[in-house]
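Colleague: Dock chain B against chain A, hints included.
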Amino acid sequence: MTFTPDALKTYPDIWGDKIASEKEEDIIIKGIEIRIKKYKTVTKLSGIRVSLDDNKSLFFQKLREELMQADSFRPPEEKAMNQYSYNTLSEADPGLDKAFPGTIKGESAFYIYNDHVIFHEESISPSPMERLTTFVEYYKKKFGIKTYPREETFEELDELEIL
Amino acid sequence: MSVREKMKRQIEEISKTLYDMEEVIEIYCLSKATDLTIMLLGPHATAKSSLARMWSKTCGLEYRIVTASEVDESLIAYIDPAVFREKNVVQMRRGELMEKDHIIIDEFFMWLGKYRAKLHQLLEERTYAGLDVLTKTWTFLSNPFSEYYPGQIEEINWATIDRIDIFVPVFQAKILPSQTMVRKFSEFGRKEKPLEQVITWDDYLKAREEIRKVEVPSRINVWLSLFAHSLSSCKLVKDKFSMDPAKLRKLCSGCNENNHLCAKVSLSKPRYLRATIILAKGLAWLDGRDYVQFQDIYKASKYTLPHRIVWLEDEKTYHESFEEVNELIQSFNEEMLVWKNRGLFNSLGKVIKSSQKEPPYFEEELLASLAADVSEIHVLKSFVQEIHDIARTRVKDYYLREGKEKKFRSIQQIKNFLSSSGLSTFDVDDLVFKIALPTSLGIIFTKSSDNVNKLIDAIADLHRHRKKTIDPKLALSRRFEEKVIFESDLLKIRENERKRKIEIVCAHKEIAEELREGLK
Numbered sequence: 001m002t003f004t005p006d007a008l009k010t011y012p013d014i015w016g017d018k019i020a021s022e023k024e025e026d027i028i029i030k031g032i033e034i035r036i037k038k039y040k041t042v043t044k045l046s047g048i049r050v051s052l053d054d055n056k057s058l059f060f061q062k063l064r065e066e067l068m069q070a071d072s073f074r075p076p077e078e079k080a081m082n083q084y085s086y087n088t089l090s091e092a093d094p095g096l097d098k099a100f101p102g103t104i105k106g107e108s109a110f111y112i113y114n115d116h117v118i119f120h121e122e123s124i125s126p127s128p129m130e131r132l133t134t135f136v137e138y139y140k141k142k143f144g145i146k147t148y149p150r151e152e153t154f155e156e157l158d159e160l161e162i163l
Numbered sequence: 001m002s003v004r005e006k007m008k009r010q011i012e013e014i015s016k017t018l019y020d021m022e023e024v025i026e027i028y029c030l031s032k033a034t035d036l037t038i039m040l041l042g043p044h045a046t047a048k049s050s051l052a053r054m055w056s057k058t059c060g061l062e063y064r065i066v067t068a069s070e071v072d073e074s075l076i077a078y079i080d081p082a083v084f085r086e087k088n089v090v091q092m093r094r095g096e097l098m099e100k101d102h103i104i105i106d107e108f109f110m111w112l113g114k115y116r117a118k119l120h121q122l123l124e125e126r127t128y129a130g131l132d133v134l135t136k137t138w139t140f141l142s143n144p145f146s147e148y149y150p151g152q153i154e155e156i157n158w159a160t161i162d163r164i165d166i167f168v169p170v171f172q173a174k175i176l177p178s179q180t181m182v183r184k185f186s187e188f189g190r191k192e193k194p195l196e197q198v199i200t201w202d203d204y205l206k207a208r209e210e211i212r213k214v215e216v217p218s219r220i221n222v223w224l225s226l227f228a229h230s231l232s233s234c235k236l237v238k239d240k241f242s243m244d245p246a247k248l249r250k251l252c253s254g255c256n257e258n259n260h261l262c263a264k265v266s267l268s269k270p271r272y273l274r275a276t277i278i279l280a281k282g283l284a285w286l287d288g289r290d291y292v293q294f295q296d297i298y299k300a301s302k303y304t305l306p307h308r309i310v311w312l313e314d315e316k317t318y319h320e321s322f323e324e325v326n327e328l329i330q331s332f333n334e335e336m337l338v339w340k341n342r343g344l345f346n347s348l349g350k351v352i353k354s355s356q357k358e359p360p361y362f363e364e365e366l367l368a369s370l371a372a373d374v375s376e377i378h379v380l381k382s383f384v385q386e387i388h389d390i391a392r393t394r395v396k397d398y399y400l401r402e403g404k405e406k407k408f409r410s411i412q413q414i415k416n417f418l419s420s421s422g423l424s425t426f427d428v429d430d431l432v433f434k435i436a437l438p439t440s441l442g443i444i445f446t447k448s449s450d451n452v453n454k455l456i457d458a459i460a461d462l463h464r465h466r467k468k469t470i471d472p473k474l475a476l477s478r479r480f481e482e483k484v485i486f487e488s489d490l491l492k493i494r495e496n497e498r499k500r501k502i503e504i505v506c507a508h509k510e511i512a513e514e515l516r517e518g519l520k
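Chains A and B, in that order, are what the protein sequence lines are.
Letter by letter, the first sequence follows residues 1 to 163 of my numbering.
Letter by letter, the second sequence follows residues 1 to 520 of my numbering.
The following block holds chain A by itself, in its conformation from the complex (with noise of 0.2 Å):
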């Protein structure tokens, strides 16, 4: 499927809504190396976004593996849209509401949105930066995937042996 200049410029950048600014940043959470992308959009509200095809680490494609496995679970209108919403994602894996138990409520977690996870502002659910590290703890306990610094990270405690 092709789609012309303009329908590219008129797709939303996530699920509703166009990102008006956006900022590349290379973070760690829990030994997992992410690159992300914090919005903001058109309409003022901020998020992040984290790009499926810029992360290829194990941990991704582990999550893609999951997707995968969810797919049986998706509606046919997710499926055009190219989107897992968190609840189709609840569905094949009851295990992630007590990682995200405030969804139960109302909250908002995250979904799959055109190749990107998307955590969007919302006022009464946890920051963006909060439900992703809660996201990357959740499967990366689930995957089994053990992290551990580089031998180099603590070089500088060599300096401080006493005996």
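None of these hints come from the bench; they were simulated from the model.
Among the hints, erroneous ones may be present.
Below, in silico cross-link-like pairs of lysine to aspartate or glutamate (DMTMM-like), each with a Cα-Cα straight-line distance of 20 Å or less [what the hints assert, rightly or not]:
| id | chain 1 | residue 1 | chain 2 | residue 2 |
| --- | --- | --- | --- | --- |
| 1 | B | K350 | A | E156 |
| 2 | A | K40 | A | E122 |
| 3 | B | K299 | A | E151 |
| 4 | A | K141 | A | E33 |
| 5 | A | K142 | B | E324 |
| 6 | A | K142 | B | E327 |
| 7 | A | K98 | B | E327 |
| 8 | B | K340 | A | E156 |
| 9 | A | K141 | B | D314 |
| 10 | B | K353 | A | E159 |
| 11 | B | K193 | B | E62 |
| 12 | A | K98 | B | E324 |
| 13 | B | K492 | B | D471 |
| 14 | B | K340 | A | E33 |
| 15 | B | K350 | A | E159 |
| 16 | A | K30 | B | E334 |
| 17 | B | K381 | A | E156 |
| 18 | B | K350 | A | E161 |
| 19 | B | K353 | A | E156 |
| 20 | B | K353 | A | D158 |
| 21 | A | K142 | B | E323 |
| 22 | A | K146 | B | E323 |
| 23 | A | K62 | B | E327 |
| 24 | B | K468 | B | D489 |
| 25 | A | K141 | B | E327 |
| 26 | A | K30 | B | E323 |
| 27 | B | K353 | A | E155 |
| 28 | A | K141 | B | E323 |
| 29 | B | K57 | B | E99 |
| 30 | A | K141 | B | E320 |
| 31 | B | K340 | A | E151 |
| 32 | A | K141 | B | E335 |
Modeller: Same frame as chain A, but now just chain B:
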């Protein structure tokens, strides 16, 4: 063939018969090479006894499997009946548990408490009933605590559990290794595949020597000490194990540092540190390195930590703890990264470096700002305090040593000498006394009411002659009743309460001589 190659060959040889257990076999062999006691914990049919037996066979050691139902006092030590009958003398003899090369303690958690206690004496003290233990090595085996294995007595004494250096969980093989297992059964039936001896106990002793030489870089030492302290310490109680977990939880709930690891678990750290560093050295050695890396510590901790930690928030089984070790290390490393990014380690490094250079310098200001920076992180607060104390002592010792070698003619010269030390005024004053007292600038005499009165007269006269104004005698007398302490341009006086002495240092030699005269 080197000892390392022989051991790798042994691991390979056992792996040919026990499937999907390479890491367990590796840790098992290393535990023997490093003289660490090992417990294999797993459900039935996970080849725990087979591993212990095969290890013995592949290194040519006699073994004895001892189960809970057969253990009695005579297996440990007994009175020789023949000697007693003949000479009426109590002559103790070693039982099999003290004599056989390799003792395999089966169903350990079914053993009665009194035998467990005796076993630990054999393990830790290597002596019992006045006899030395001849056993070369021990292996503990047990099923996990579950209703499938009734009759086990859970060890609630943490001191006993702590004495087993390494716990290794053992699981059944996955699908593909099970296929190989089926082939083995079909070929050899119920009998075990015969194994070759590929290594000797002497090789193990050589390996122990080689492992001993593996170096531990400072970064590993510091990381491990901080990690263990993070788990074992509490800012509110000195010893977590002297308080019930419920009380500790209550304290944690009101503590501003309850987001740290200290609020998650308790740990008694000495044996954890011992087992971890020894096993990590073994892992480095087996990997062909002569130095330990973080990966060795992380891997070793999987086997040395889970059975030692008490979870404060909710009780966890050993297997749950085993799964959580990586998370604990991860959480700690995240804290470490934050500390590192705040420049704390860099600053501490500067403090230590300054205290080690020639002449040393005490970074008082930097330490004060560091102390303020870490005031909410008790682990680092203690670390900074300890470094503060040791750096200060080092700088003071240097200046005292050097100062005693020099010949100073006045207190001002001593002060000038100390001015580049970075020490506080209090420490400089203390050093001035320590350097000047043994010289002609110093005077020491015993504190008594007569001597104090003499002193008041002498310092009053001294200051009058030299036209210096000081407090009247009556005021000095009242002040000295509490503590003899005085300072002027001409001299400094302090009281050494412990020795009941009065110590005086004078600005220069002539003043000291005049004061000495006045005190006669």
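Colleague: Now tell me if each hint is right for this structure.
Modeller: Comparing the hints with the structure gives:
In summary, the hint linking B/K350 to A/E156 is supported, as the alpha carbons are separated by about 10 Å, within the 20 Å threshold. A hinted pair counts as satisfied when its Cα atoms are at most 20 Å apart, and A/K40 with A/E122 qualifies at roughly 13 Å. Straight-line distance between C-alpha atoms of B/K299 and A/E151 comes to about 14 Å, which keeps the hinted pair within the 20 Å bound. Straight-line distance between C-alpha atoms of A/K141 and A/E33 comes to about 15 Å, which keeps the hinted pair within the 20 Å bound.
With a C-alpha separation of about 13 Å, the suggested pair A/K142 and B/E324 falls inside the 20 Å cut-off, and the hint holds. With a CA separation close to 12 Å, the supplied pair A/K142 and B/E327 stays within the 20 Å bound. Proposed proximity of A/K98 and B/E327 is supported: the alpha carbons are some 18 Å apart, at most 20 Å. Restraint check: the Cα-Cα separation between B/K340 and A/E156 comes to about 8 Å, which is no more than 20 Å; the hinted pair holds.
About 18 Å separates the Cα atoms of A/K141 and B/D314, which keeps this hinted pair within 20 Å; it holds. Of the supplied pair hints, the one linking B/K353 and A/E159 holds, its CA atoms being roughly 8 Å apart against a limit of 20 Å. The straight-line distance between the Cα atoms of B/K193 and B/E62 is roughly 18 Å, inside the 20 Å bound, and the hint therefore holds. For the hint linking A/K98 to B/E324, the alpha-carbon distance of about 18 Å falls within 20 Å, and the restraint holds.
The suggested pairing of B/K492 with B/D471 holds, with an alpha-carbon distance near 14 Å, which does not exceed 20 Å. Taking the CA atoms of B/K340 and A/E33, the gap is about 17 Å. The hint holds against a cut of 20 Å. For the given pair, B/K350 sits about 8 Å from A/E159 by alpha-carbon distance, which is consistent with the 20 Å threshold. For the suggested pair A/K30 and B/E334, the alpha carbons sit about 7 Å apart, so the restraint of at most 20 Å is met.
Restraint check for B/K381 and A/E156: satisfied, since their Cα atoms lie roughly 18 Å apart, inside the 20 Å limit. Between the alpha carbons of B/K350 and A/E161 the distance comes to roughly 12 Å, so the proposed pair stays at or under 20 Å and holds. For the given pair, B/K353 sits about 12 Å from A/E156 by alpha-carbon distance, which is consistent with the 20 Å threshold. Of the pairs offered as hints, the one joining B/K353 and A/D158 holds, with about 11 Å between alpha carbons and a cut-off of 20 Å not exceeded.
A hinted pair counts as satisfied when its Cα atoms are at most 20 Å apart, and A/K142 with B/E323 qualifies at roughly 12 Å. Taken as a hint, the A/K146 and B/E323 pair is honoured in the structure, with Cα atoms around 11 Å apart against an allowance of 20 Å. A C-alpha spacing of about 19 Å is found between A/K62 and B/E327, which places the hinted pair at or below 20 Å, so the restraint holds. Among the hinted pairs, B/K468 with B/D489 is consistent with the structure: their alpha-carbon atoms are about 8 Å apart, no more than 20 Å.
Straight-line distance between C-alpha atoms of A/K141 and B/E327 comes to about 9 Å, which keeps the hinted pair within the 20 Å bound. With a C-alpha separation of about 16 Å, the suggested pair A/K30 and B/E323 falls inside the 20 Å cut-off, and the hint holds. Between the alpha carbons of B/K353 and A/E155 the distance comes to roughly 15 Å, so the proposed pair stays at or under 20 Å and holds. The straight-line distance between the Cα atoms of A/K141 and B/E323 is roughly 10 Å, inside the 20 Å bound, and the hint therefore holds.
Distance hint between B/K57 and B/E99 is fulfilled; the C-alpha atoms sit about 17 Å from each other, no more than 20 Å. For the hint linking A/K141 to B/E320, the alpha-carbon distance of about 13 Å falls within 20 Å, and the restraint holds. Taken as a hint, the B/K340 and A/E151 pair is honoured in the structure, with Cα atoms around 14 Å apart against an allowance of 20 Å. At most 20 Å may separate the alpha-carbon atoms for a hinted pair to count; A/K141 and B/E335 meet this at roughly 19 Å.
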